[in-house]
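Chain A is already provided as a structure; the job is to place chain B on it using the hints.
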Amino acid sequence: MATDTDVLVLGGGSTGCGIARDLAMRGLEVTLVERGNLTDGTTGRMHGLLHSGGRYAVSDRASATECIEENEILREIAGHCVEMTGGLFVQRPEDSDEYFREKLEGCRACDIPARVLSGREAREREPYLASDIERAISVPDGAVDPFRLCVANAIDAENHGARIETHAEVIDLLREGEDVYGVRVRHDSGPGKRVHQSPGSTEAITAEYVVNATGAWAGQIGAMADLDVAVRPSKGVMTIMNVRQVDTVINRCRPKGDADIIVPHETTAILGTTDEEVTDPDDYPEAEWEVDMMIDTLSDLVPILEDARTIRSFWGVRPLYEPPETGTRDPTDITRDFFLIDHEDRDGVTGVSSIVGGKFTTYRAMAEEISDHVCEKLGVTAHCSTADRPLPGSENIAALEEGMDRFGLRSPVARRSTKRLGSRSREVLETDDPNPVICACEGVTRAEVRDAVSQSGSDLNAVRIRTRASMGNCQGGFCCVGMANELHPDHDEATARAALDELFQERWKGQRHALWGEQLSQAMLNYALHATTMNRDYDPARSEADRDVRPGAIGSGSTAADLEYDAFDQGDR
Amino acid sequence: MAIEDDVLVVGGGIAGATAALAALETDPDARVRLVTHRQSTLRHASGLIDVLGYTPAGEGPLADPFDALEALPTGHPYERVGTDAVREALAFFDRVVDGAYEGGHTDRNALVPTYGGTVKPTARYPASTAPGLASDTRETLLVGFETLPDFDAPLAARHLEAAGVPFDARGVTLSFPGIRRDDAKITRYAHLLDRDEVVDADSGERSARDALAASVDTHLEDESRVGFPAILGDDRVETVREELAEALGVDVFEVPMGPPSLPGMRLEGLLYDALEDAGVRLTSGVPVVDYETTAETAGGTTDRIDHVVVDRNGAEVPHRADQYVLATGGLVGKGVDSNRERVYEPIFDCHVSHPADRYDWFVDDVFGDQPYARFGLEVDRDLRPLAADGVPEFSNLSAAGAVLGGYDFAAEKSGSGVSLATGYVAGTRAAEVGGR
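Chains A and B are the protein sequences, given in the same order.
Each residue of the first sequence is one higher than the one before, counting from 1 in UniProt numbering.
Each residue of the second sequence is one higher than the one before, counting from 1 in UniProt numbering.
Looking at chain B on its own, in the form it has when it is part of the complex:
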């Protein structure tokens, strides 16, 4: 006996969630399960949806990523799925997040200010980031807080000017009303604003949003938009932002931050809400530790996965599905792992191509062309992982997202886009070929 599904997705990041959702959209009657182990890497990510900012040859930033997508080399995940699939996946994402993200009105990339003060190209950005676009010519005030040392607003403003943005930028550093501890967690700032707690401000007790607006207001000059680090609430970020905007009489936006990243966690929340609404069966916090195969009846050399084994507090629980999607992430998410001898995919031990010598995994320049950044699975056009001999590892396993190799998402700024496109294709295909 095993727990039975039609499609079983392993991994709960953008790729896995998209695959599960796409499978259900393709076949609303399918039984789709998503198994996750660790927290996804979204809390480390900016929450932006990058599709392609730079070509592998380093050309960019690309104003229009779609021309460049056509020219990507063989084996790149986008080449595997094709440009149309990227468009479909983005449209799918826009439906799923339902207005929480912008950028879908044009094929063009946006340039978004980063918390370090440079700008980066991206295809979709949270609504809370939208008024901050770097191509927008309005004068900008950046507000940092003395207890949040990662974002130095005056320095970021100078950096933006050095990056040639078409507007004047100025930064101020304030103390955050109601935060007493020097090392309060990011979530504390967000909850304070979400709940609009009463805080002790210079002007006496008042609500957190009021107090924050009042402290910014005295520093506002001619600027028509104000940028904050991405801490403006969690569940109610739009309400917080609107209230601040109203009180200040200017647009308010968030600058995406490093970990722990609220925009990344909000995106995770959106995706999990969608999974729940769609009726995906969720099994969280458990690792897939093993699998069993049956010989392919069609007579080929490729095996078929019969079931996987999930470890639940030491109990081994078999899960059987017709189709499996591997979306366990890359080196960061541990979908690709390594030891001193080799690089490997830890669940199915699918082939990961890499130099035999560990000292050929890197180059000396930290931002050089890093071989390790491309580690991952090679796949066919159905996204089935390929063994070293080019034959699919399993007939009913496809892979999506950062577990795929052959691209450097950090250099290209293509991580979320690849996860969306390959997750969408893998999920759709799994539902289409899944025989019931």
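Isolated chain A, as found in the complex:
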């Protein structure tokens, strides 16, 4: 029977996109399907730490070694996604000397460059560190943009012939007898780039081999073909500060616990995290105390966090897994290793493997192993080349620093744009059309927004993860209208309006967890701007069908059809 594709990858996170790129580069025909946007699941909900391996240097040296190796590879192949901030493991008076020594020894044993700094030296590097920090270990931790990295993998997979299908939810795993041969997906708005308000459809996609790379959702996918994948989702909160209080990754040097890391990320700093098992990766409590704990506990390391402005919080779900009968109670003790479950070996069902566990920093190595496995299944002998070939945008990163003003942008904007776009800067920014800044907080220009729209259709959240537009202090209040404007006239008015509504609501979601002080003030301003100045909450252009605004209201405003214009003031002429 002819199949639609050689390999079908389920899941558009770092693992899925890494596998798609790897296999496509080996010459296989690949289709990737993702329920939402790329990075919608765990990848888009992490703190953006590029591990040096230091974090695992005491408890799990194999992982630590793998991290430092991949850390060095990603700096090479994804330079435009990585900022080498460096990291510190800082010791407070109540933290044990013994653990500090073990950490240092572990780093050295794993070839992680590590150096001890006195408290004074650490504060010279990071002036806001608490005055009672006794000493620190310096390691090559970094910050990585998971969105940009994941998208770059997907683009490169496409460049090698892959089909990347977002907003395509797997609704069934196709199984005949003891063979899995494909999936049925529901397209949110028809296949291809997403367009709002266009009708959806379902599609059966058949493949020689299926890889379930859906992480925390792997159990749900497996269940569609009666396969038991006992993944244990564990949630963690991240709180975003409005500025970088630190320019170095700050880790607490003690056995892993809650609220022990601060990662500087672009214009922000991200505080993390908690670790708590949940039953449903799509539905779990997002609790106030978790946010408070981030601020209160990490203020012990960086006291100004206590009164700093947070702009939002978000939760991610780890796809933790441990082999049956290990019986670990505390999710923080579950290994971060990944597991490849060959359902043929385990369940006697051919044509499918599941990949669970793992961590972002080593996504490429994971993808390599799985791709080796798939190639073996399919009798393909091609070798992996993902460690040697730069990702799109990262070729010749040295060119980045040259000629920042070349594109007629003011210097800080040009610097940030070219950093984001890497070697694609010229292609995207060299335009004869005016190129004003659309998102002032993050310095994102029209050319970048249009480039992202050309990749992703009318989905402004996909534009957001490609550009960072709407991710700064105003959280989209000021710029999301300008972003939506760029959809027209390629997309019609109703489509642009639906896309704007969706982005504005999505930006609100995370701010709810930061609603005090400056950010509550900003939220009120955003609300006033959209409701008062633009009247978007009672827009008569909304049809009865999508009238979900002001759900509690009795009248909920007039629609275009019943609004009597001539009952209003006609002017004084």
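The reader is advised that the hints may include incorrect statements.
Simulated coverage check for chain A against chain B, where a stretch passes if three residues somewhere in it have a Cβ under 8 Å from a Cβ of chain B [to be verified]:
| no. | stretch |
| --- | --- |
| 1 | 426-437 |
| 2 | 474-483 |
| 3 | 497-506 |
| 4 | 519-528 |
Bear in mind the hints are in silico, worked out from the structure with no lab data behind them.
Note that the coordinates shown come from a computational prediction; the quantities given were computed from them, not determined experimentally.
Every residue, glycine too, gets a C-beta built ideally from N, C-alpha and C.
Only chain B this time, still in chain A's reference frame:
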């Protein structure tokens, strides 16, 4: 020793300015001082004067806000001051701005096109916006500029049609003559037109207004009015608009914009000119940081404010008045502030009612019935802030504008109207009861 006044108003937005002006109108001999700290929030606002566009239950847009005003719930700022005060305040505003605003010829709300392309109800609108009303049936050309990404004229025109406006709308996007930088500030456009600077246009050097008219003219078809984003000058907006209208042979209007909003800043200018003309003593750029009370001699439990302390570059300067008006704004203006534990009024720590749990301050739908939008002071009918037990916090302090709670100005479209009405009542009352 302290600096002595009869009425001291804290806050320089619509409510504060109105209170100060109303106090002086009530008692022309009174010494009235206005103390402001930050720039007012008018630069964020549209410059429209909304009175009531929708009821708290969501009915609307209201063609006539006055019927609905009578039915507002107890505790709403309009209920506190009464409908007559709203009418008086609007009449007062019309006198103050002296022709710069229209809409006073009727009780009815106007529907004004927004820069996003929908329409909104409002009670008073700048003269520069008047020819653009959505109930006017004349065909309309909207003009946007490729360097002003917030206003996409073709998209806004399509949106207006989707909103069912009774006219044909079309939009074009042009380059603005004389603007070379892609990210020139809004004020640069306005100054270019205000000063009518000489610019390089396709047709050679000519004045900015000429060049702009010429570039629009080639796109004009059968339309009898042309709408621009609100950048048509600052001090000389009427001159700019008239010249453009004359050159094009059609009416010209402005579509109110988001921040930084020139119509909002022009309104601020009008109010400050009026304050100066009226002889209000202005102290700008300084915060009120503290206050002292004296026990009320009448024997009640309510304290009386003796003086407030103003911080001038680190020096603490006492200001004493007989009556005080608190018009420091809401969450945006920081007249109401919050931290992780509570919501508070930062100068006098007047009671702000709010749920104890921070997660009850909001609902999940961004345009849902947001509790935070109603945060502010509860007041009696004299606009005196009330403590949790319902007793006035101070005998000689009243509050006006967005610092008041119990209403959602964004949903109701009632922000400026509440500021005018409560500012007018607070200022009038302060002058009346102020004993000298």
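Against the structure, the hints:
1. Counting residues of the stretch 426-437 of chain A whose CB lies closer than 8 Å to any CB of chain B gives 5, which reaches the minimum of 3, so the coverage claim holds.
2. Given a C-beta distance limit of less than 8 Å, the hint that chain B covers the stretch 474-483 of chain A holds, as 3 residues qualify and 3 suffice.
3. Counting residues of the stretch 497-506 of chain A whose beta carbon lies closer than 8 Å to any beta carbon of chain B gives 3, which reaches the threshold of three, so the coverage claim holds.
4. For the stretch 519-528 of chain A, the assignment as covered by chain B holds, since 7 residues bring a beta-carbon within under 8 Å of that chain's beta-carbons and 3 suffice.
Figure legend: structure checked against the earlier numbered hints; every hint is met.
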